[in-house]
Amino acid sequence: MKNDSVFVYSPDLLGYKFSETHPFNQLRVQLAYELLRDSGCLNDDQIIKPRQATDEEIILIHDPGYVEAVKQAGQGQLNREIALNYGLGTEDTPIFPNMHEASSWIVGATLTAVDHVMEGKSKHALSLSGGLHHGFRGKASGFCIYNDSSIAIEYMKRKYNARVLYVDTDAHHGDGVQWAFYDDPDVCTLSIHETGRYLFPGTGSIHEKGAGKGYGFSFNVPVDAFTEDESFLECYEKSLWEVAEFFKPDVIITQNGVDAHYYDPLTHLSVTMKTYTEIPRIAKKVAEKYCGGRWIATGGGGYDIWRVVPRAWSYLWCVMNDQAPSGQIAENWLKRWTNEAKHPLPPTWEDESGIYKPIPRKDEITSKNRATLEKSLYSIKKSS
Amino acid sequence: MIVQNMMQKNVVTIHESETIGTAIQLMLEKDIRNLPVIDKNGDFLGLVTDREVKDASPSIFHQNEHPEDFEKPVSSIMKQAIFSAHPFDIAEELSTIFYEHNVSCIPVLEETKLVGLVTEREMLHAFILLTGTHQPGSHLEVVVPNEAGELAKVASVLKDFHLNISSVLVYPSHNEREKIIVFRVGTMNPLPVIEHLIDNGYEVKWPPVPGERDEK
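Chains R and B supply the protein sequences, listed in that same order. Here the first sequence stands for residues 1 to 384, numbered as in full-length UniProt numbering. Here the second sequence stands for residues 1 to 216, numbered as in full-length UniProt numbering.
The following block holds chain R by itself, in its conformation from the complex (with noise of 0.2 Å):
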């Protein structure tokens, strides 16, 4: 094995551009990659180059006649009406010249990470602009194309023949990929996100549990606005524990959004680096344990590209090497960066304490999401 983890990217998958207002922005993926060449954890035999998907790997799990209509849509040549039945040309999806072939990157990106993990050639793999789990089989959702993490795990399925467990620690719930497999016994669906009872999409409560064979094989831990580092990582390596030892996987997909920080405008939990830095130490152990070590990671949400994307994200490639950056922030990349950032830069990894005020409900909070947390492992304790 040449390295233990490779780093898929080009420029060809910043081409994922809604509009220049649009709160997701991939120039975040660009701004990770750059950090981790100035901080000097990034090496030029560690990159690989994506490739694009194809149509038929696309519709393994969308429907055909939705791809179609995202080509079209990309050579402006779709009918508005058409393109709303699609959740095409919306607020959150605006159409966008080739939009297809910007999509099938991601989805090629996503793909060719799991080819090396699954070959061997690597135990980890990152592509960092994946993760797009809201998108449905007919239908683009919550910035969402096509859902890259759904189209790998059907394509481990069936080319590899793999047991997969995905794990969302999204601030939103991974609704497209939980739906795609809810009633398949052989992927397993954990979702940690902020409660749906006010936040997009809705979804992701501790009743969704699978369907029919699937019966058990989706989990959901809803926690509550305003939860902070500790609760939420909490909740998170419980149930990534006991989830893992239940389900027994062969292989572990991760979708590392990171817009449950504090600084995300669109949510309302309060995470700092920290949740960032444990999430993956506890993802690459798991794997360890249960998966020789197989590990994919994606990105994901993430709506403050400044502040929190590319230290998050670059912290989660430095785990799968095995280092942890701390101090003071590469002085190029902050040089380069700060007069296009729309907030001051953080000069450290680290978050400095009191980013925020302290929260008057916070052991209120801590103890529902621990009653949600076991409520949410019940079926689990049953069996056992």
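Check before you lean on any hint, since a few could be wrong.
Unchecked claim - No more than 27 Å apart at the CA atoms, straight line, and that leaves these computed lysine-lysine pairs for BS3-like: (1) 213/R <-> 17/R; (2) 159/B <-> 113/B; (3) 72/B <-> 54/B; (4) 139/R <-> 238/R; (5) 368/R <-> 205/B; (6) 17/R <-> 159/B; (7) 368/R <-> 209/R; (8) 362/R <-> 205/B; (9) 382/R <-> 30/B; (10) 238/R <-> 121/R; (11) 285/R <-> 248/R; (12) 153/B <-> 30/B; (13) 357/R <-> 205/B; (14) 248/R <-> 238/R; (15) 40/B <-> 113/B; (16) 209/R <-> 30/B; (17) 382/R <-> 248/R; (18) 357/R <-> 381/R; (19) 213/R <-> 49/R; (20) 30/B <-> 213/R; (21) 139/R <-> 54/B; (22) 139/R <-> 248/R.
These are calculated hints, taken from the structure and not from any lab test. Only a predicted model underlies this, so the values are computations on that prediction, with no experimental measurement involved.
Once you've looked at the hints, dock chain B against the given chain R.
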């Protein structure tokens, strides 16, 4: 929503002359708690629920006594004087019957024929549809004065932001001079519209906007 659009249409039924034993078997097989009884013309005669079955069954301590009881016709235990609905009744009326009379199921009749059944399950599903939670969306709570035209004003702001509304609910507020309107909108990013509403003097109860989102 009218009853026709929310009721079960392929209802499992039993003929009046079938035995109690057959009825119990059927309810177990189909995993149902309510079994309408009909005659040979399909006219509705009554209802057997798990309550009737329980009353007619021996105690678990005397399971094998009087097996002949199970040979009696279902018509001997069915409940007859019960609430029924018409396909054109509306969901709200039915919910009142469920709530006030504590029933578990309402048969839907056209004259004397059984055409459908509404159980608590269909009733709840109708409410899920009304709240719009079956579609991906964000939840937005806006406090407005208790006056004519307020809903229209907020809705037109949503229109200006090209947001599709999946559902609207209007809640009473503790303060009689206000109401709370709950929108479910098909977007992951409700921030721009929230900021606009606040700038125009509305109180948005949830979600909080960044900068003001420390819990109060």
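Tested hints:
1. Restraint check for residue 213/R and residue 17/R: the C-alpha separation of about 39 Å exceeds 27 Å, so the hint is violated.
2. For the hint linking residue 159/B to residue 113/B, the alpha-carbon distance of about 45 Å lies beyond 27 Å, and the restraint is violated.
3. Of the pairs offered as hints, the one joining residue 72/B and residue 54/B holds, with about 15 Å between alpha carbons and a cut-off of 27 Å not exceeded.
4. Taking the CA atoms of residue 139/R and residue 238/R, the gap is about 33 Å. The hint is violated against a cut of 27 Å.
5. Pair hint residue 368/R plus residue 205/B holds up; C-alpha atoms about 22 Å apart against a cutoff of 27 Å.
6. At roughly 24 Å between alpha-carbon atoms, residue 17/R and residue 159/B fall within 27 Å of each other, so this suggested pair holds.
7. Of the supplied pair hints, the one linking residue 368/R and residue 209/R holds, its CA atoms being roughly 20 Å apart against a limit of 27 Å.
8. Distance hint between residue 362/R and residue 205/B is fulfilled; the C-alpha atoms sit about 20 Å from each other, no more than 27 Å.
9. Between residue 382/R and residue 30/B, the direct Cα distance comes to roughly 26 Å. Compliance with the 27 Å bound is thereby established for this hinted pair.
10. A C-alpha spacing of about 30 Å is found between residue 238/R and residue 121/R, which places the hinted pair above 27 Å, so the restraint is violated.
11. A distance of roughly 14 Å separates the Cα atoms of residue 285/R and residue 248/R; the hinted pair therefore holds under the 27 Å criterion.
12. Proposed proximity of residue 153/B and residue 30/B is contradicted: the alpha carbons are some 50 Å apart, above 27 Å.
13. Taken as a hint, the residue 357/R and residue 205/B pair is honoured in the structure, with Cα atoms around 20 Å apart against an allowance of 27 Å.
14. Proposed proximity of residue 248/R and residue 238/R is supported: the alpha carbons are some 15 Å apart, at most 27 Å.
15. With a C-alpha separation of about 11 Å, the suggested pairing of residue 40/B with residue 113/B holds against the 27 Å cut-off.
16. At most 27 Å may separate the alpha-carbon atoms for a hinted pair to count; residue 209/R and residue 30/B meet this at roughly 22 Å.
17. The straight-line distance between the Cα atoms of residue 382/R and residue 248/R is roughly 17 Å, inside the 27 Å bound, and the hint therefore holds.
18. The straight-line distance between the Cα atoms of residue 357/R and residue 381/R is roughly 37 Å, outside the 27 Å bound, and the hint therefore fails.
19. Between residue 213/R and residue 49/R the CA atoms are separated by roughly 38 Å; this puts the pair beyond 27 Å, and the hint is violated.
20. At most 27 Å may separate the alpha-carbon atoms for a hinted pair to count; residue 30/B and residue 213/R meet this at roughly 19 Å.
21. As the CA atoms of residue 139/R and residue 54/B are separated by approximately 48 Å, the hinted pair breaks the 27 Å bound.
22. In summary, the hint linking residue 139/R to residue 248/R is not supported, as the alpha carbons are separated by about 32 Å, beyond the 27 Å threshold.
The structure is inconsistent with the numbered hints 1, 2, 4, 10, 12, 18, 19, 21, 22, although it conforms to all the rest.
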